[in-house]
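Protein chains: 2
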Amino acid sequence: MGGHDQTLEPFLWRAENIYPDREVVARTHEGTRRTTYAEYGERTRQLANALEGAGVSEGDRVGTFCWNHTRHFETYFGVPNMGAQVHTINPLLPDKHIQYIVEDAEDRVLFVDPSLAEKLAGAYDREAFASVEQFVVMGSDAPDLPIEPLTDYGSFVGDQPPSYEWPSLSSDQPAGMCYTSGTTGKPKGVEYSQDMMWSHTMSILTPQGLGIEDSDVLMPVVPMFHVNAWGLPFAATAAGAKQVFPGPVPEPADIARLIEEEDVTISAGVPTVWLGLLEYLEDHDVDLSTLQSVVIGGAAAPKAVIEQFDDLGVEVVHAWGMTEMSPVGTVANLKYDLRDAPYETQLEKQGKQGLIVPGLEFKVVDDDGTELAWDGEEFGELLVRGPWVTTEYHERPEANETDFEGSWLRTGDIVTVDEDGYIEIVDRADDVIKSGGEWISSQELENAIMAHDDVTEAAVIGVPHERWQERPVAMIVTPEDVDREALTGELQAMLKEEYPKWWLPDGFEFIDEIPKTATGKFSKKDLREQYAGQDLLEEDAPEEAAPAEDD
Amino acid sequence: MGGHDQTLEPFLWRAENIYPDREVVARTHEGTRRTTYAEYGERTRQLANALEGAGVSEGDRVGTFCWNHTRHFETYFGVPNMGAQVHTINPLLPDKHIQYIVEDAEDRVLFVDPSLAEKLAGAYDREAFASVEQFVVMGSDAPDLPIEPLTDYGSFVGDQPPSYEWPSLSSDQPAGMCYTSGTTGKPKGVEYSQDMMWSHTMSILTPQGLGIEDSDVLMPVVPMFHVNAWGLPFAATAAGAKQVFPGPVPEPADIARLIEEEDVTISAGVPTVWLGLLEYLEDHDVDLSTLQSVVIGGAAAPKAVIEQFDDLGVEVVHAWGMTEMSPVGTVANLKYDLRDAPYETQLEKQGKQGLIVPGLEFKVVDDDGTELAWDGEEFGELLVRGPWVTTEYHERPEANETDFEGSWLRTGDIVTVDEDGYIEIVDRADDVIKSGGEWISSQELENAIMAHDDVTEAAVIGVPHERWQERPVAMIVTPEDVDREALTGELQAMLKEEYPKWWLPDGFEFIDEIPKTATGKFSKKDLREQYAGQDLLEEDAPEEAAPAEDD
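Chain order of the listed sequences is Z and W. Just so we're aligned, residue 1 is where the first sequence starts under the working numbering, counting upward by one. Just so we're aligned, residue 1 is where the second sequence starts under the working numbering, counting upward by one.
Derived from the structure by calculation, the hints contain no laboratory data. Heads up, some of the hints might be wrong.
Identical chains share a label here; the pair holds if one copy fits it or two copies do between them.
[As the list claims (entries may be wrong)] Derived pair list, reagent style EDC-like, types lysine to aspartate or glutamate, alpha-carbon separation capped at 16 Å:
(1) LYS335 with ASP21
(2) LYS363 with GLU9
(3) LYS434 with GLU361
(4) LYS96 with GLU282
(5) LYS521 with ASP285
Kindly generate the complete structure, drawing on both the sequences and the hints.
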């Protein structure tokens, strides 16, 4: 009985035919480049002809090492529509990770931006890159680089015919691939089938996702190498929205200019992007009147950012997802009955990771797998499943053992769910401190400690403890002139006000800096390793390091 | 790699957990009945327990013979979630069709409304209904009827436990079933798999569909036995919207009252429903301030209705679909660049069947299968395909031969597509008149003729012609006192103004009435049969009955 397969191609077909003149705009080194969906469609078919000529066929992988621009976008439909897999590589990763990723994915053709060509050449390793039969620089000229065979995009695609008959693909045909950022170990490959990308696209289109319309002008500042710019280019195409790609390393001035010039209505990026823009706005007069919403993901949306955008008449839409989830899982849209709630309540909800989008399911479980109450208090690990959530990693049997539970993905995030259904991440499963059979959120303690003016950075880690399994210790960075003893006292008093006794750190260590991951986050894994075996616990550890009956 | 299966269950799960207090309201014979998604969820599990107790298991079909109310809605999730198929039967069909449908579907349990029980008893036939092991009247008491075994819903479901573990289902598990209305022959069964219903639900949620939000209050006036009330109850659940079911045979007064009392924001139904409401509004003061849009489907939306609702501040959303398409295929949303167009242009677009929704594809072909231009002029048959379009009928090999072309469904509709991508139905494939290798739209001629004040009804049919294959003849109903000769002259002059010479009917026949189908439409098939063999063509048939070079 079943319907036709779920593939990306009809989304492109719709944009090409119903919105042939709608623009696709990109900032490039040579200024703004403008094209239309009609021209874009032709380019995707030229690209498919070129790739076929280079020996790429169904099931092959094609890598990209690029910023956000129209040519990169051409691979988004051009590659999957021909039955191959578009594999976006994060160029900000350490060379070792890039080598691992290319070797693991066995990319046959690799597209690279001129501005990233040197980085790629630096990571180049003949053995790891053995599968790559063609490098294509995304410019008009191929620079002189020690990678080969090397050509430029103009030569590769330019003379190809603009017609190509897309093959009939099945729903489970591999279409995309991304790697997790690998903050804890080797990156893990996640493959996306056609129907995963199809259903993810539909979910983003819904009002419960982002509700994209043809009148929207969508600018993903989130890099296209971050889980396909959160899937936004696919959804924008399906909607017939205008798209704006901000090009290589967009600065706040570029983002502001593009919003103004292109009438951007929705943009999306990590919090630092928006902090940068807000700072820029302090000294510059920018017309943001067309901008309706900014989507914040990749890290928690600070309340101050939500408030400042609100003052500008721009709604912050906080979203959460994972590479394993294509990536969107929750969006913090305000529920109907919160639209008249006090502003503080609204802010609180908008600052959480949000509501699960239709089509997905989740549960929050404790160590024993028991489901926890939705009371905004109890926290446990978040498990999710659904049509666009992967059920395995690419050739990583050991991770497939640990990271999945039946059809459920273990997100590794420790969360609460409130009475309204909003999910809030309180910690990472690796970082949560297990004390006397109960869990303590390291992130919550860190945030509380960092609220003190004399604290520059703080990380709270669990330290092994004979009786209580683990106990929290705070690692703190301060300016040089701070009285550490006094600060410790103040912090202890402050935390005591807010948290149960058994949550209070048993030690306060002052260190020079907190180690960071490749993406700039605190690496508590490194911190734990660095201080392993050292005696970090004070002698007077509490009698009760788990909640007593009356807690 | 693939994600989890696409099933309806997560939509219910989301409503139950994130919107437990959102209301589900129904008009009943005993007044308004109110419940919540939390209670509704429990009822679906009670129902599943009851059905399991009655011997229903995965793959079985459960029939319904009911109006729009909460109990009927309970079967919508309760039956598919347990792996069975919910099969809604149109109680307005002739007895013979009902017998055929029940026998063909082999329903094991059949739910019937008290007000429809007599109709069912009339259609009851021991042999055709042999598969039915249990009849359940959707009231508190089972009336005295000659069908058995018979029980009432209260007894059937009442004492069942409210917990039931929904089985893990695959995407292709049969979940629903409807029959085509059978205007030309036996009804044809269309089965819906879980993923067809899942993807259709997602498409309705998108802004390109109907864009349903949790703040919406949705009232489907379209009967739940018409392709699952166009799938709206599923989409409303996924969105967490409030639902209002207008109960048995809702009159304009009931519809007006429910809109007012329940703050309905979106309603949906066939044109006659809205004509009735508009008439009612002439003499009654009704507060429609919450009503944002009415969805019109099932037949073309008259321009006057669009205009009148527009004056009331209510947007008419014209949609088109088919039983074979779950059913929605197009929605006449205004494109971004038409929002500032002249009102007349907007009206014209909103009156067409609309734009294809994301995820589907279509083409329009002539007799040779050649694709036609999108110019709003050329017309041909519409073919569609996509994840929620069926690829076969239930056990109808001969229809499967003729009604599909590879992965494409032949809709049987003759359409134009304009430059903006709006599809407009100009005729049915069976009714279009093939003259000299070119096509003439019978519907267009009928509409033009019916615009004359002296014409009550008109149907234009193709009559066999030796030289031109077919020629149009107009069958006309007038009031008794009309001068037919004068009228014929006026009509000929009028049509000559608007249409090429070869479109003009070769005959004008005056008859007493035009035969109708079970659903009240003109049955041109019956008309053709009735007048087969009669000489309906005037002697002076035109020299050119196909376009000349200069036409």
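Here's how the hints hold up against the structure:
no. : hint               : verdict
1   : LYS335 with ASP21  : between (36 Å within a copy, 13 Å between copies)
2   : LYS363 with GLU9   : between (33 Å within a copy, 15 Å between copies)
3   : LYS434 with GLU361 : neither (27 Å within a copy, 53 Å between copies)
4   : LYS96 with GLU282  : neither (40 Å within a copy, 76 Å between copies)
5   : LYS521 with ASP285 : neither (32 Å within a copy, 62 Å between copies)
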